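Undergrad: Each chain, letter by letter, is given below.
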Amino acid sequence: MYVAVKGGERAIDNAHAWLAEERRGDTTIPEMSVGQIREQMALAVNRVMAEGSLYDPDLAALAIKQSRGDLIEAVFLMRAYRTTLPRFGYSEAIETAEMACDRRISATFKDAPGGQVLGPTFDYTHRLLDFKLAADGEVSEAATATPRQEATPHITTFLKGEDIIQDEPQSDAVPGDLTREPMSYPAGRALRLQALARGDEGFTLGLAYSTQRGYGRNHAFVGELRIGKVAVEMEIPELGFAIEIGEVELTECETVNQFTGSKTEPPQFTRGYGLIFGQSERKAISMALVDRALRWEELGEDNLGAIAQDEEFVLSHSDNIQATGFLEHIKLPHYVDFQAELELVRKLRAEAEANLAASEPAQEAAE
Amino acid sequence: MKTEEAQAARKAWMGLLAKASPEQLAELWSGLGAEPDFTWLRPPEIGGVMVRGRMGGTGAPFNLGEMTVTRCAVSLDGGAVGHGYVQGRDKHHAEIAAKVDALMQGEMADVVERSILTPLRDTQTATKTARAAKAAATKVDFFTLARGED
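In order, the protein sequences belong to chains A and B. With the working numbering as the guide, the letters of the first sequence map in order to residues -14 to 352. With the working numbering as the guide, the letters of the second sequence map in order to residues 193 to 342.
I should point out that these hints are in silico values taken from the structure, not numbers from a laboratory. A few of these clues could be false.
[Claimed, not checked] Ranges between beta-carbon positions, derived for each pair: (1) A/Thr110 - B/Asp229: 45 to 51 Å; (2) B/Thr310 - A/Pro171: 49 to 55 Å; (3) A/Leu312 - B/Asp314: 34 to 40 Å; (4) A/Pro171 - B/Gly270: 35 to 41 Å; (5) A/Glu282 - B/Pro235: 22 to 28 Å; (6) A/Lys145 - B/Pro311: 40 to 46 Å; (7) B/Glu227 - A/Thr129: 54 to 60 Å; (8) A/Gln155 - B/Asp229: 47 to 53 Å; (9) B/Thr310 - A/Glu126: 46 to 52 Å; (10) B/Glu219 - A/Glu16: 46 to 52 Å; (11) A/Ala158 - B/Ala201: 29 to 35 Å.
Just so you know, these numbers come straight off a predicted model, no measurement behind them. Every residue, glycine too, gets a C-beta built ideally from N, C-alpha and C.
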């Protein structure tokens, strides 16, 4: 029989105190400030903002410090903080065409107006460890050139003239918000994009890769990838007009997918879309590929039974906080559940042994 | 027409204040030396705004994720009402933004414009231009190699 017990407070307190000490590490090494993390671990900060679904670089840097660099734990802290915030409202839809681009490339159009702007990229580096960074290396100043003044239009707008790429349907319908109502299926593209934007990078990458390897194949080109800052406007009820309430750094990816046509659509190029807080092009490209795979139904394509085409599967498993919460809870005390299982297995085993014993004399007699 | 212009001007300075660095704004504010008497219509409050994107960059809206915003409202003794809506979680930032918004509607507008808004605008332009200049230096110049047919 199991008797309910209390206890563990002292052990828990001491464990947390030790955690704090381990978090600090060797005290002869200088402590990292939140500002250092924000500035020097910027891509980790970006990932925590994207998957935490809350744009605030200082908070994300604090979360990374508190979580000892465990980014999913940091995302968890961001999500928990987010739930304490009153919701002031919804912004106007941002205009990524007006982005101040740090980077803007196209794999499809070499001579796109605005050009191929590489920005601060890891691409074309040799991926060799740079031991100069282990020493106190001085950073040489980046080169500059005359800044472009004109806007950088989306590359897909150049294909539209020919009517050879599918147009984005226009609508002013209020999109569903998964932070307000529980998901139900079919979810529709607006909710899919919201879920993918905050989904786990690794999971999204794996799914996107599966579509490239043939599970729901839709051959994607990166029509455009851009990174930069975009202003956010919101209508202020007490003013009666919209003002800019800030700006966010975003990564946007538009894929252009070969499409031979279906029962309902003529042969044309179709699109997948990825939009992510911060600088995260791996995630943005992944999101665009998964978005495109999930659009099979509206484009009249066949369901090939690929995982990346299964909206409910993808959206139910993309959130790493839901996933880790359920996964990790099994390490917490389940003494009573297990005691019940133990009793059950003991009983079944006793019955099986009794049955065996009852049948043995008969067997002997038969021999 | 007059009110439309006034609205556009207010929209511009509120946006400038929202994006300003809290440190720079606080420094400029103390440099102004104005400490107007005021009452809170809404004390500073930290909250979230859901940012919306567009499918494919141009299509129907969807909810992308939230950002932190701090807001407040003040009423100056002269009667002017100022609103502060600023990015982030700095309550002092929102307070100064609201006071600047209120002062910009009164007699001090020219002084505030000169000593606060102009320097903020200059900083934002300089930051933006510096990034754009670095981006421009990473623009690829393609050239065609001689094909050696002749």
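Undergrad: It remains to establish, for every hint, whether it holds in the given structure.
TA: How the hints compare with the structure:
A hinted range of 45 to 51 Å is violated for the C-beta pair A/Thr110 and B/Asp229, which are about 58 Å apart. For the pair B/Thr310 and A/Pro171, the supplied restraint of 49 to 55 Å holds, since their beta-carbon distance comes to about 53 Å. For A/Leu312 paired with B/Asp314, a C-beta distance near 52 Å fails the hint of 34 to 40 Å. The beta-carbon spacing between A/Pro171 and B/Gly270, approximately 57 Å, falls outside the hinted interval of 35 to 41 Å.
Roughly 50 Å separates the CB atoms of A/Glu282 and B/Pro235, a value that falls outside the hinted 22 to 28 Å. As the Cβ distance of A/Lys145 to B/Pro311 is approximately 42 Å, the hint placing it in 40 to 46 Å holds. Here the CB-CB span from B/Glu227 to A/Thr129 is close to 41 Å, at odds with the stated 54 to 60 Å. The hint said 47 to 53 Å for the Cβ distance between A/Gln155 and B/Asp229, and at roughly 50 Å that hint holds.
Our hint of 46 to 52 Å for B/Thr310 and A/Glu126 is violated, since their Cβ atoms are close to 28 Å apart. Against the hinted window of 46 to 52 Å, the Cβ-Cβ separation of B/Glu219 and A/Glu16 comes to about 27 Å, which falls outside the hint. Checked against the hint of 29 to 35 Å, the pair A/Ala158 and B/Ala201 passes, with Cβ atoms roughly 33 Å apart.
The structure fails hints 1, 3, 4, 5, 7, 9 and 10 (numbered hints given earlier, in ascending order).
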